[in-house]
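Protein chains in written order, with the numbering used here: chain A, 318 to 760; chain B, 132 to 446.
Hints should not be assumed to be uniformly reliable.
Just some of the chain A residues that point at chain B, by a computed CB distance under 10 Å [to be verified]:
#, residue
1, Leu358
2, Trp362
3, Ile462
4, Ala472
5, Ala588
6, Gly592
7, Leu631
8, Thr643
Hints in this document: simulated from the structure, not taken from any laboratory.
Predicted model only: the values in this text are computed from it and were never measured.
Even for Gly, the Cβ is constructed at its ideal location relative to N, Cα and C.
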Amino acid sequence: MSEGVVRTGAPALAAEGARGRLRRHWPWLASLAVAVVIPWLFYDWTTGRHSGFVVAMLSQIGIMIIFALSYNMLMGHAGLLSFGHAVFLGLGGYATAHALNASRAGTLPLPLELAPLVGGLGGLGFALVLGYFATKQRATAFAMITLGIGELVTACALMFQTFFGGEGGVSTNRMTGHSLLGLGYGAPIQVYYLIVVWTLISAVLMLLLTLTPLGRMANACRDNFERAQFVGYDPRMVRFFQFALSGFFAGVAGALYTLTYEIVTYDTVAAPLSGNALLMTYIGGVGVFAGPVVGAVLIVLLQSWVSLLSNSWLVYAGVLFILMVTFAPGGLAGLVVVHQPIWRAGRLGRLLGPYLRLLAPGAVTVVGFVLAIELCSFLTIGAAQGKSFTIGQLTLDPRHPGAWLVAALLLAVGGVWLRYAVRGFGSAWTALTEEIKASGPRA
Amino acid sequence: MEVLLVSLLNGLVYGMLLFMLASGLTLIFSMMGVLNFAHASMYMLGAYFAYSVSHVIGFWPALVVAPVLCGVLGALIEMYALRRVHRNGHIAELLFTVGLAFIIEKTVQMAWGLLPVPYRVPPVLDRALFHVYGSNFHAYRAFMLLVSVAMFLAIWLLLTRTRIGLVIQAALTHPEMVGALGHNVPRVFTVVFAGGSVLAGLAGVIGGNYLVTEPSMAATMGPIVFVVVVFGGLGSLAGCFIASLIMGLVQTFAVVLDVSLADLLARLGVTVTSATPLAEFLTIPLPRVGALLPYLMLILVLLIKPRGLMGTRDT
Numbered sequence: 318m319s320e321g322v323v324r325t326g327a328p329a330l331a332a333e334g335a336r337g338r339l340r341r342h343w344p345w346l347a348s349l350a351v352a353v354v355i356p357w358l359f360y361d362w363t364t365g366r367h368s369g370f371v372v373a374m375l376s377q378i379g380i381m382i383i384f385a386l387s388y389n390m391l392m393g394h395a396g397l398l399s400f401g402h403a404v405f406l407g408l409g410g411y412a413t414a415h416a417l418n419a420s421r422a423g424t425l426p427l428p429l430e431l432a433p434l435v436g437g438l439g440g441l442g443f444a445l446v447l448g449y450f451a452t453k454q455r456a457t458a459f460a461m462i463t464l465g466i467g468e469l470v471t472a473c474a475l476m477f478q479t480f481f482g483g484e485g486g487v488s489t490n491r492m493t494g495h496s497l498l499g500l501g502y503g504a505p506i507q508v509y510y511l512i513v514v515w516t517l518i519s520a521v522l523m524l525l526l527t528l529t530p531l532g533r534m535a536n537a538c539r540d541n542f543e544r545a546q547f548v549g550y551d552p553r554m555v556r557f558f559q560f561a562l563s564g565f566f567a568g569v570a571g572a573l574y575t576l577t578y579e580i581v582t583y584d585t586v587a588a589p590l591s592g593n594a595l596l597m598t599y600i601g602g603v604g605v606f607a608g609p610v611v612g613a614v615l616i617v618l619l620q621s622w623v624s625l626l627s628n629s630w631l632v633y634a635g636v637l638f639i640l641m642v643t644f645a646p647g648g649l650a651g652l653v654v655v656h657q658p659i660w661r662a663g664r665l666g667r668l669l670g671p672y673l674r675l676l677a678p679g680a681v682t683v684v685g686f687v688l689a690i691e692l693c694s695f696l697t698i699g700a701a702q703g704k705s706f707t708i709g710q711l712t713l714d715p716r717h718p719g720a721w722l723v724a725a726l727l728l729a730v731g732g733v734w735l736r737y738a739v740r741g742f743g744s745a746w747t748a749l750t751e752e753i754k755a756s757g758p759r760a
Numbered sequence: 132m133e134v135l136l137v138s139l140l141n142g143l144v145y146g147m148l149l150f151m152l153a154s155g156l157t158l159i160f161s162m163m164g165v166l167n168f169a170h171a172s173m174y175m176l177g178a179y180f181a182y183s184v185s186h187v188i189g190f191w192p193a194l195v196v197a198p199v200l201c202g203v204l205g206a207l208i209e210m211y212a213l214r215r216v217h218r219n220g221h222i223a224e225l226l227f228t229v230g231l232a233f234i235i236e237k238t239v240q241m242a243w244g245l246l247p248v249p250y251r252v253p254p255v256l257d258r259a260l261f262h263v264y265g266s267n268f269h270a271y272r273a274f275m276l277l278v279s280v281a282m283f284l285a286i287w288l289l290l291t292r293t294r295i296g297l298v299i300q301a302a303l304t305h306p307e308m309v310g311a312l313g314h315n316v317p318r319v320f321t322v323v324f325a326g327g328s329v330l331a332g333l334a335g336v337i338g339g340n341y342l343v344t345e346p347s348m349a350a351t352m353g354p355i356v357f358v359v360v361v362f363g364g365l366g367s368l369a370g371c372f373i374a375s376l377i378m379g380l381v382q383t384f385a386v387v388l389d390v391s392l393a394d395l396l397a398r399l400g401v402t403v404t405s406a407t408p409l410a411e412f413l414t415i416p417l418p419r420v421g422a423l424l425p426y427l428m429l430i431l432v433l434l435i436k437p438r439g440l441m442g443t444r445d446t
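Based on the sequences and whatever the hints tell you, model everything.
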């Protein structure tokens with residue numbers, strides 16, 4: 318995947334030809350193609366309309382990809398754990414909302430396509446000010462300062478009317494009449510394609526940033542800031558610049574948020590969104606450039622689909638995180654990277670059988686677990702809301718012991734079976750890696 | 132004057148409650164390096180356990196049973212999950228506790244419902260203890276103060292007078308050395324984690340009916356407790372104690388003193404009107420900023436002293 322891009326530096330990029338470039342960058346082109354095509358798969362030809370739900374979700378994914386990538390500039394590339402990253406998304410969003418309102422009033426001839434730049438500059442400006450304080454420290458002290466900044470800005474957003482609009486937030490209208498391409502941007506699909514373009518621009522810029530001396534020094538300060546000091550760099554300035562640029566991209570995401578929803582409230586600066594950035598980035602994988610992209614896609618999908626289907630989204634999210642941090646600390650991208658030596662040795666096919674054997678017990682366990690959680694949820698919260706538990710045509714009564722028995726049985730059988738299957742998978746994996754090691758140092 | 136005295140007492144009660152929560156977190160954080168986001172969830176569980184248990188056997192046994200339940204839960208979490216995640220680094224541990232906090236919050240919602248539960252102060256203590264300048268001092272607050280002081284003494288004696296306490300103190304600053312001397316550091320970790328959970332549970336039992344017992348109580352208390360721990364400094368229970376009292380007093384007084392910067396300027400002869408620059412900022416009354424002050428103080432302290440008030444080592 319694009320992990321190779323990060324590792325090999327600029328000289329390799331310059332040396333290769335067009336075909337090599339294509340071979341190296343195909344994941345980018347593929348994702349771009351997917352992003353362009355997907356809305357048309359859900360196009361309703363009879364009414365001539367795009368599915369509102371799908372376009373809204375895709376827009377959200379695009380925004381969150383920029384946000385998660387900008388967060389990884391801190392966490393993955395500079396080793397800075399931030400609890401207040403949403404501040405810069407939100408402040409960029411507020412700046413954009415005011416700029417759009419000024420544009421509609423006629424005082425600012427701002428083409429809508431460039432509105433994300435306003436958000437980015439807003440994020441950058443605030444990141445320069447707040448980052449000046451935050452980056453004085455590193456590690457936990459830095460994390461705690463960002464936590465404090467996040468809470469402070471959230472409280473300010475609720476308190477001050479002129480800039481933040483208090484609890485009601487600032488609402489705006491994206492149809493300003495100023496456009497480079499002459500588009501109206503009334504339809505969500507037009508905004509979606511604008512988001513695609515800006516997501517691509519931001520992602521490419523952030524990738525290129527990892528190749529600059531600043532990006533490299535950020536890595537160095539993350540790994541060993543004392544040695545970086547000996548080389549003659551000031552780790553504080555490295556942190557500061559990295560923080561400011563990360564604020565810029567978060568601001569771009571905030572601007573796109575404003576364009577999509579046409580309202581900015583204090584939610585956009587508050588702690589839950591900052592927490593989301595951390596989760597998306599970590600679940601996706603901090604060690605690989607494309608990791609946060611994967612994380613953002615997965616988390617937004619889960620949030621919009623699972624929370625539609627179930628009351629208990631928080632439990633599933635919690636369990637997912639616990640499983641990930643326990644068994645896959647490298648995130649999803651890390652899981653892919655683990656397979657790389659086996660893939661290079663051309664023996665990935667040998668893992669197919671062991672993986673398939675995991676499938677059935679895994680499915681049984683998951684079904685049992687979901688059933689148990691949903692039964693619990695419907696017994697208390699669902700009953701209070703007057704909902705009933707239906708799967709297709711089947712209506713389950715959470716007060717009936719039968720359903721509970723089935724859930725418990727599935728969970729128990731699946732658990733034991735899964736444990737057994739995992740052990741088998743583990744030995745197959747060890748055998749394979751031993752074999753590859755033995756077959757030559759190259760692999 | 133009467134406002135001062137009553138607020139002082141109230142601030143003390145709140146500060147001691149904070150200390151009960153924060154002391155456990157300080158021990159866990161300093162020793163294991165875990166930013167435990169589920170600590171406030173233990174506080175919430177303590178309150179809910181106490182609510183359920185006190186229905187069956189009354190408030191007084193619940194005062195013991197609920198914290199013990201939290202402690203057992205804490206020990207199980209440490210032994211079977213956290214120890215495993217420990218290998219994957221600090222951020223993994225942190226996220227683990229975040230996931231745990233999610234699960235606990237939702238479990239509480241599923242078990243006890245979305246609305247606050249009627250967890251009440253026991254009738255014996257539900258009366259005024261004495262009057263100060265016309266306002267009552269509630270007997271339950273005195274009881275809270277009593278419990279927290281007793282707990283403070285107990286921790287202090289445990290840490291300074293017993294063998295395990297000395298090992299814990301040593302492990303706060305030099306965990307590797309303690310391990311090298313042949314002490315079972317993982318078991319010390321389990322003890323500390325369970326002990327911290329007991330304290331958080333106890334805070335929940337006596338704080339849940341003083342404040343409100345509801346599913347969001349963990350989320351409202353969590354950040355403040357972090358602030359207290361970092362403000363006080365890692366590895367220092369004394370710093371944690373002082374920080375708790377400062378935070379308790381600051382928050383209580385901020386609610387009581389209804390002044391703004393504009394009032395202050397008016398004393399100096401400057402009148403603030405809506406036309407004055409920054410008028411919005413100047414006219415905000417102090418009670419509205421009350422919730423902000425801890426964070427402001429946290430940032431200021433960290434900028435000047437990254438170790439916190441009395442921290443013995445770097446964060």
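Evaluation of the provided hints:
| no. | hint | in the structure |
| --- | --- | --- |
| 1 | Leu358 | violated, 33 Å |
| 2 | Trp362 | violated, 41 Å |
| 3 | Ile462 | holds, 5 Å |
| 4 | Ala472 | holds, 5 Å |
| 5 | Ala588 | holds, 7 Å |
| 6 | Gly592 | holds, 7 Å |
| 7 | Leu631 | holds, 4 Å |
| 8 | Thr643 | holds, 5 Å |
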